[in-house]
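Take the sequences, apply the hints, and build the full model.
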Amino acid sequence: MSNEINNTTSGSRPPLPRNVRLLGWASCLNDIASEMLFPLLPQFLITVLGGNRFYLGIIEGVAESLASLLKLGSGAWSDRAGRRKGFVLFGYGFAAVARPLIALATMPWHLFVARIGDRVGKGIRTSPRDAMIADSTGPDVRGSAFGFQRAMDHFGAAVGPVLAALFLWVWPGNLRLLFALSLLPGLAVVTLLLVGLKEPQQIEKSERVKLSMKPFGRSFRIYLLALVIFTLGNSSDAFLLVRASELGVATVMLPLLWFAFHIVKSVGNLAVGRLVDRIGPRAPMFVGWFLYAVVYLAFALATAAWHAWALFLAYGVFYALTEPAEKTLVTDLVGSAKKGLAFGWYNFAIGISALPSSLVFGYLYETFGPLASFGWGAALALLAALLLTSVKPIRNHPVRGSNE
Numbered sequence: 281m282s283n284e285i286n287n288t289t290s291g292s293r294p295p296l297p298r299n300v301r302l303l304g305w306a307s308c309l310n311d312i313a314s315e316m317l318f319p320l321l322p323q324f325l326i327t328v329l330g331g332n333r334f335y336l337g338i339i340e341g342v343a344e345s346l347a348s349l350l351k352l353g354s355g356a357w358s359d360r361a362g363r364r365k366g367f368v369l370f371g372y373g374f375a376a377v378a379r380p381l382i383a384l385a386t387m388p389w390h391l392f393v394a395r396i397g398d399r400v401g402k403g404i405r406t407s408p409r410d411a412m413i414a415d416s417t418g419p420d421v422r423g424s425a426f427g428f429q430r431a432m433d434h435f436g437a438a439v440g441p442v443l444a445a446l447f448l449w450v451w452p453g454n455l456r457l458l459f460a461l462s463l464l465p466g467l468a469v470v471t472l473l474l475v476g477l478k479e480p481q482q483i484e485k486s487e488r489v490k491l492s493m494k495p496f497g498r499s500f501r502i503y504l505l506a507l508v509i510f511t512l513g514n515s516s517d518a519f520l521l522v523r524a525s526e527l528g529v530a531t532v533m534l535p536l537l538w539f540a541f542h543i544v545k546s547v548g549n550l551a552v553g554r555l556v557d558r559i560g561p562r563a564p565m566f567v568g569w570f571l572y573a574v575v576y577l578a579f580a581l582a583t584a585a586w587h588a589w590a591l592f593l594a595y596g597v598f599y600a601l602t603e604p605a606e607k608t609l610v611t612d613l614v615g616s617a618k619k620g621l622a623f624g625w626y627n628f629a630i631g632i633s634a635l636p637s638s639l640v641f642g643y644l645y646e647t648f649g650p651l652a653s654f655g656w657g658a659a660l661a662l663l664a665a666l667l668l669t670s671v672k673p674i675r676n677h678p679v680r681g682s683n684e
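With the working numbering applied, the sequence shown corresponds to residues 281 to 684, in that order.
Hints are not guaranteed to be accurate.
To be verified - In silico SDA-like links for lysine to any residue, alpha-carbon gap of 25 Å or less:
| no. | residue 1 | residue 2 |
| --- | --- | --- |
| 1 | Lys365 | Leu467 |
| 2 | Lys365 | Leu349 |
| 3 | Lys672 | Phe570 |
Rather than coming from a laboratory, the hints here were simulated on the basis of the structure.
See the structure below:
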């Protein structure tokens, strides 16, 4: 450890800052809480609360779209305040309280309200958290930093379903108690960040809050358009769990399928984050969006349970290729200009497309079947990948070992 910093001058990867590590662990614990529940919610809605696939699309779409509006506002407000920590703490805390309320649901709209509360917390914390990671890192480790945060997020998402599966094995069918216990890791997140998280020193405080695109150039706007097009075909992953059930994956196995899916995403994010530091973010994103189109089309054509397992693992590779690259590209495109607002627009572009995406996908799935819905997603992914080729970062990506 004593030589770790000195080695950076000779080309070794520098250590990740304390804030990045803390935010990674916070993401891990939060997703343990969240993913204890998420793989079970579609079946809970349909078989216990009496909902259907279209209602699932409404719940997920509205919840994510509301979160997207808050992501835009919270990013800009954190620039205005010159502080990020309070937004991050409040967002994680609000979700920690709202999420266990699912245990009390007896009708579909009860689940809707609880999911709204969970996503409100996500909307408040996400853009300030991403900006804090960017503020806390240099360009030579930024891809690794975002890769680490996403890897820890997915590791928590892998652990959560395993805990849920073990719980249901010991106490079969006791879903409501499981939902209530998600409060515990949520409280651990708040404690960790309250004690350890520090404000970055170099935040540039804005004079006013303006939800404007004027500070950013043409390439950033094209990038947001590509994200919107892609997201319009990228519905909630809850539909993939529905598809897995249709292909013969038993309900008791869904948490384990979710575990394997997130392990691939976690390990892949660590590897691709380092790759992004070396070659830049655009190439991994292009490959990832193309892979998404292939996997979605394959989901429509699948006929057996083992197909669902294989496709979920391939879908995890898509996430690994795109997640650290997408956020690194935001910083590459905007430079030092208002990172909170930039990440607000990035998260807004993705989130605001979630409502029509999930509604359209749910309608196509319910009315015309999987080929129409998954084929729609594949086509938009290819269109977005084509548009991505015209995005030009304002900063050349550093090569490992350079003096940048």
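| Holds or violated: are the alpha carbons of Lys672 and Phe570 at most 25 Å from each other? | 19 Å, holds
| Does Lys365 pair with Leu467 here, judged by a C-alpha cut-off of 25 Å? | Status holds; Cα separation ~16 Å.
| Straight-line alpha-carbon gap Lys365 to Leu349, limit 25 Å | Holds, at about 19 Å.
Violated hints: none; the structure is consistent with every hint.
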